Every structure is written in C-alpha cells, then in structure tokens.
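> Here is what each chain is made of, one letter per residue.
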Amino acid sequence: MSAGKTVTLNMGPQHPSTHGVLRVVLELDGERVIKATPVIGYLHTGIEKTMESKLYYKALPATDRMDYLSPMSNNLGYCLAVEKLMDIDVPEKVKWARVCLAELTRIKSHLVWLGTHALDLGAMSMLLYAFRERESIVDIYEACGGQRMMTSYIRIGGLAHELPRDFDKLVRKALKQIPQGVKDYEDLLTANEIFIRRTRDVAVISAGDAIDYSLSGPMLRGSGVNYDVRKANPYSGYENFDFQIPLGKKGDAYDRYLIRVEEIKQSLRIIQQAIDGMPEGPYRAHIPGVVLPPKEDILYKMESMIFHFKIITEGFKAPCGSVYQAVEAPKGELGFYIAGDGTNKPNRVRVRPPSFINLASLPKLVEGGLFSDVVCAIGSVDIVLGEVDR
Amino acid sequence: MNEVLKAVGNIFLKMPKGFVVTFKHLFKKPITLDYPRKKNPMTARYRGKHYLERYDDGTERCVCCGLCAAACPADAIYMEPEENEKGERRAKMYEINLLRCIFCGFCEEACPEEAIFLGQVYEFSEDNRNSFIVGKDDMLVPHPRKDNPLKRIYRRVRRVYGVTDKSK
Ligand code: SF4
Ligand code: SF4
Numbered sequence: 004m005s006a007g008k009t010v011t012l013n014m015g016p017q018h019p020s021t022h023g024v025l026r027v028v029l030e031l032d033g034e035r036v037i038k039a040t041p042v043i044g045y046l047h048t049g050i051e052k053t054m055e056s057k058l059y060y061k062a063l064p065a066t067d068r069m070d071y072l073s074p075m076s077n078n079l080g081y082c083l084a085v086e087k088l089m090d091i092d093v094p095e096k097v098k099w100a101r102v103c104l105a106e107l108t109r110i111k112s113h114l115v116w117l118g119t120h121a122l123d124l125g126a127m128s129m130l131l132y133a134f135r136e137r138e139s140i141v142d143i144y145e146a147c148g149g150q151r152m153m154t155s156y157i158r159i160g161g162l163a164h165e166l167p168r169d170f171d172k173l174v175r176k177a178l179k180q181i182p183q184g185v186k187d188y189e190d191l192l193t194a195n196e197i198f199i200r201r202t203r204d205v206a207v208i209s210a211g212d213a214i215d216y217s218l219s220g221p222m223l224r225g226s227g228v229n230y231d232v233r234k235a236n237p238y239s240g241y242e243n244f245d246f247q248i249p250l251g252k253k254g255d256a257y258d259r260y261l262i263r264v265e266e267i268k269q270s271l272r273i274i275q276q277a278i279d280g281m282p283e284g285p286y287r288a289h290i291p292g293v294v295l296p297p298k299e300d301i302l303y304k305m306e307s308m309i310f311h312f313k314i315i316t317e318g319f320k321a322p323c324g325s326v327y328q329a330v331e332a333p334k335g336e337l338g339f340y341i342a343g344d345g346t347n348k349p350n351r352v353r354v355r356p357p358s359f360i361n362l363a364s365l366p367k368l369v370e371g372g373l374f375s376d377v378v379c380a381i382g383s384v385d386i387v388l389g390e391v392d393r
Numbered sequence: 019m020n021e022v023l024k025a026v027g028n029i030f031l032k033m034p035k036g037f038v039v040t041f042k043h044l045f046k047k048p049i050t051l052d053y054p055r056k057k058n059p060m061t062a063r064y065r066g067k068h069y070l071e072r073y074d075d076g077t078e079r080c081v082c083c084g085l086c087a088a089a090c091p092a093d094a095i096y097m098e099p100e101e102n103e104k105g106e107r108r109a110k111m112y113e114i115n116l117l118r119c120i121f122c123g124f125c126e127e128a129c130p131e132e133a134i135f136l137g138q139v140y141e142f143s144e145d146n147r148n149s150f151i152v153g154k155d156d157m158l159v160p161h162p163r164k165d166n167p168l169k170r171i172y173r174r175v176r177r178v179y180g181v182t183d184k185s186k
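So the protein lines, in turn, are chains A and B. Residues in the first sequence are numbered from 4 upward in steps of one, following my numbering. Residues in the second sequence are numbered from 19 upward in steps of one, following my numbering.
Please note: incorrect hints may appear among the correct ones.
The list that follows gives simulated cross-link-like pairs (lysine-lysine, DSS-like), each with its CA atoms no further than 27 Å apart [unchecked claim]:
id, chain 1, residue 1, chain 2, residue 2
1, B, K32, A, K253
2, B, K35, B, K47
3, A, K268, B, K67
4, B, K56, A, K172
5, B, K24, A, K57
Everything labelled a hint here was simulated from the structure, so no lab data went into it. Treat the numbers as computed from the prediction; the structure is a model and nothing was measured.
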C-alpha cells in the first residue's frame with residue numbers, strides 16, 4: 004500500500020461483532036486505523052421521551068428495554084431515583100432482595116459479555132458455556148418477575164410480588180453452579196496464549212484519559228482508577244456488604260477481562276451474604292396513595308380498593324424538584340436524573356447511560372492500532388446498543 | 019526472553035487445562051432441549067398470552083371497569099361495556115392488541131376482579147397482523163372446563179398476591 008492513501012471502510016451497522024447496530028466508519032491505511040467514528044442512533048426508541056409522557060409507575064417497563072441484558076439494574080436505578088424524589092423508605096427486606104437481584108444481574112450481564120467477547124476473538128465454545136450459567140439466572144428472573152429478560156420486577160416502593168417461594172433454592176443452586184463455570188472460563192481463557200495475544204496491550208486507555216472521558220465501570224477500573232458507585236455512594240444498603248473492587252493496571256482489554264471475571268466472583272460473595280442474611284418483612288412499603296396496596300387487601304378493604312383505583316388511574320403526584328441517582332450497573336455508572344413538576348408525570352427524565360459514554364472512548368482505543376483489534380476494542384467496551392441509543 | 023518463556027509455559031503447561039475443559043464436555047449430558055418436541059414448563063408467574071377468567075357458573079368475571087386499560091403502559095387494551103340479561107355490567111367488546119402489548123403484566127396486577135391473567139402460552143405467532151388483535155371470545159376460558167376452576171383461580175390469585183405458600 005502506498006503511503007498517504009487511505010481507505011474508508013464501513014463497519015456495521017450489521018456487523019456481527021458490533022453487538023447490535025453500531026456503525027463505525029474507519030479510515031484505514033493498510034491495516035492501521037487512522038480514524039474511527041462511531042455512528043449511533045439506529046436503535047433510537049425515544050425511551051426518555053416516552054418516560055416523560057407516562058405516569059411514574061408506568062414508565063418502569065421502558066427502563067427494562069434500555070440495557071436489556073441487565074433489566075434489574077435499570078429498574079433499580081429508576082426506582083431509587085423516584086423513591087429519592089418522593090422520599091420513600093423501603094423495607095429492609097426489599098433492600099436486601101434488590102441487592103441480591105442487582106448482583107445476579109451483574110453476573111448475567113458479564114456472562115453474556117464474556118461469551119460474546121470471546122466469540123469475537125475466536126473462542127466459540129465460551130459462548131455456549133457462558134450461556135449455560137446465564138440460564139440459571141434467567142430462571143430466577145422468570146420465577147420472580149415472570150419474564151426471562153424484561154422483568155419489571157423492582158417497583159417504586161418495593162417489589163412487584165413477594166419473592167417466589169423457591170427463590171432461596173434457585174439462588175443457592177446458581178451460587179453452586181456459577182463458580183464451576185467461572186473456573187472453566189478461567190481455565191480456557193486466562194492463560195490461553197491466543198487470547199492473551201489478542202487482548203494484551205490492545206485497546207489501552209490510561210487512567211488520566213479514562214477520567215477525562217468520564218468512563219465508568221470496568222472500563223474505568225481496568226485503568227486502575229478506584230471508583231465504584233457501590234463503595235463511593237452506597238445505595239440500597241450496599242454499605243452492609245463485604246466485597247472488594249478489583250482494579251487493573253494497564254487498562255488494556257485483558258485487564259478488563261480479568262476485572263469482569265473477578266467481579267463475577269465478588270458478586271457471588273455479595274449474593275451469598277444477601278441470601279444468608281435476608282430479613283423477613285413486607286415486600287412493599289406501606290405508603291397509601293403512592294405505593295400500590297397488596298393485592299389481597301383490595302378484595303376486602305375499601306380504602307385499599309380506593310387507593311388502588313387512584314394510583315392506577317392517576318398515579319401519584321411528585322413534588323417539584325430534581326434528583327439524580329446513580330447505581331453501579333454492570334456496564335458502569337447508570338444515573339437517572341428526574342425532574343418532577345408537581346404533576347403525576349415527570350417533567351424531564353435523563354439517563355446517564357454507561358454504554359454510551361464508554362463508547363465515546365472508542366476512537367481513542369482503536370486509533371493507531373490494527374484493524375482486527377477494533378473487534379476486540381468494541382467487545383471490551385461492553386456496549387448494549389439499546390442503552391446507547393435509548 | 020522472559021516473555022517468550024512465559025508464553026511457552028502458557029502454551030505447554032496452562033493451555034492444556036483448557037483442552038481438558040473442552041474434552042470433559044464430550045462426556046457430559048447435553049443441557050440443550052430438543053425444543054419443538056420437548057418444552058420446559060414455564061413458571062407460575064410467567065407472563066404469556068392473556069386469558070379472561072369466568073365464575074363457576076360461566077359468567078365472565080370482567081366487569082369492564084377499564085382499570086387494566088388505564089394501567090397499560092402500551093395502550094394495548096380497548097373495551098366497550100354493555101349489560102347482560104341480569105342487568106350486570108360486562109364487556110361488549112374487549113380487545114387486546116398483542117402487537118402493541120409488551121407483556122408487562124400490569125393489567126393483571128391492576129384488575130380488581132381477578133378477571134384477566136397472563137397465561138403460560140408463549141407460542142402464538144401468526145402470519146397476518148389482524149389475528150394479533152384478540153377479542154373477548156378468543157381470550158375467555160372455555161366453559162365448562164375440565165380442571166377444577168376453584169383450585170385454578172385460587173392458584174392464580176395466590177401467584178398475583180404474592181402470598182408465600184408454605185404447604186407446598
Ligand atoms: S379485565 Fe379486570 S381491570 Fe380490565 S376491565 Fe375487566 S375487570 Fe376491569
Ligand atoms: S401485559 Fe402490559 S402491555 Fe400487555 S395488555 Fe397488559 S398492561 Fe398492556
């Protein structure tokens with residue numbers, strides 16, 4: 004290839020390794036990437052606007068569909084934000100159950116990431132193994148919320164239903180099964196020279212750059228910056244749990260792999276603590292007029308029936324003012340900014356999507372590198388296009 | 019040099035561990051399901067296709083109060099009321115557009131009459147759009163039906179209520 008002559012190449016939107024409908028316009032000089040421009044918006048669904056036009060409780064199913072690999076974290080973020088706006092305190096058991104479910108979500112999201120990322124790099128069987136362990140978690144989802152992906156289980160003021168009666172059993176089963184799976188993954192990948200060659204010193208981002216790009220989650224911690232919302236601003240009772248935040252050194256794709264695998268193990272620890280110490284109590288806060296009364300009351304108690312009708316038809320009025328609530332979603336800091344204006348619908352909902360902000364660092368990761376490393380870089384950022392485009 | 023040694027060590031000492039993992043799976047029972055022939059039962063709370071319950075005597079439970087339509091985030095439910103022979107209110111028309119429906123289950127939670135439920139059926143693909151608009155007749159459970167209705171309603175209600183059943 005003669006020097007100075009570049010080729011512009013479209014990668015996506017229907018490229019299998021872009022994990023959805025991401026399009027990257029690449030300027031190539033031979034095998035070298037000169038310039039990379041992510042083009043997004045192919046999956047734009049107007050979720051923020053939809054949420055603004057719905058009652059507070061009705062906006063919840065929309066959050067499931069943002070990062071569809073971690074619905075519970077999205078539910079949790081939205082509910083915590085509304086609860087902060089409304090000044091609702093949820094029962095202790097709800098907090099523990101939420102932590103347990105959020106951590107299961109983290110494992111589930113990381114397993115999908117692990118499977119697809121390894122598949123991108125040529126390790127086909129990883130996908131099958133990772134999805135096998137993921138199955139035990141979607142089974143828990145199904146038992147709780149009734150759907151395997153769009154759970155809508157965490158609600159404003161508590162949970163949608165009581166925890167299923169075999170919740171304990173299912174979680175313990177998953178706790179037994181997942182560590183065996185993780186061991187398999189580590190045997191397959193951690194010391195696999197092919198995998199190391201594909202990921203070591205690829206898609207490097209320094210700690211300073213990571214902060215400048217306001218990255219979060221494993222992308223940020225891979226560069227050695229110790230920031231995790233669960234530790235920095237504990238929510239939903241995370242301060243009661245004992246876990247560590249794994250940190251990387253180099254900030255390359257391999258470090259991010261190690262961190263996500265370690266996060267799975269830490270999440271398992273948190274789930275173990277949560278399931279062992281789960282307190283008894285109601286599954287919803289008792290706040291008439293805001294939180295739906297338990298269904299069994301509706302048939303026998305007049306007031307409950309009236310509140311039920313009122314909440315369903317009119318929702319509840321939130322005070323004027325705005326809140327920001329961040330949670331540590333599997334992909335990074337997921338924040339919800341909600342501005343209430345005294346009516347029963349939010350005036351403004353803004354989501355801080357970790358995938359979107361992490362994706363903005365893609366040009367930095369791939370420029371100057373090899374073309375085939377773009378696949379690895381996109382994979383290691385861990386994006387879900389539903390969340391990027393919203 | 020060190021790097022090379024490490025790489026060689028990886029290849030000859032550690033990578034075989036990975037091969038062992040793959041090899042072991044040759045002897046494991048497959049976890050996949052022979053899908054159209056075999057099916058996993060869905061859990062009690064599964065949110066599949068809707069159905070409408072009846073009382074034991076066969077009258078519809080639904081009183082066309084419109085609460086499910088009010089709760090529906092996707093605006094998928096449409097209904098018109100009428101009165102039956104006994105002067106009781108019921109739905110003349112009750113339609114759910116399954117193409118709009120997002121299967122959130124809010125209608126089931128909202129219903130004060132225990133009339134609408136999301137069942138276990140998840141295979142309802144069709145080849146034309148019109149058949150996704152299901153009416154009352156498609157959704158009402160048959161009458162008389164074979165299984166014990168009381169037990170059935172009790173079970174469904176219990177699932178929606180979230181009451182923990184210790185006896186089972
Ligand atoms: S299904 Fe239930 S909520 Fe809907 S109209 Fe009938 S009685 Fe009312
Ligand atoms: S399941 Fe949800 S979207 Fe579907 S009809 Fe019921 S309330 Fe509407």
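> All hints are to be evaluated individually against the structure, with a verdict given for each.
Do the hints match the structure? See the list:
no.	hint	in the structure
1	K32/B to K253/A	holds (23 Å)
2	K35/B to K47/B	holds (21 Å)
3	K268/A to K67/B	violated (37 Å)
4	K56/B to K172/A	holds (24 Å)
5	K24/B to K57/A	violated (58 Å)
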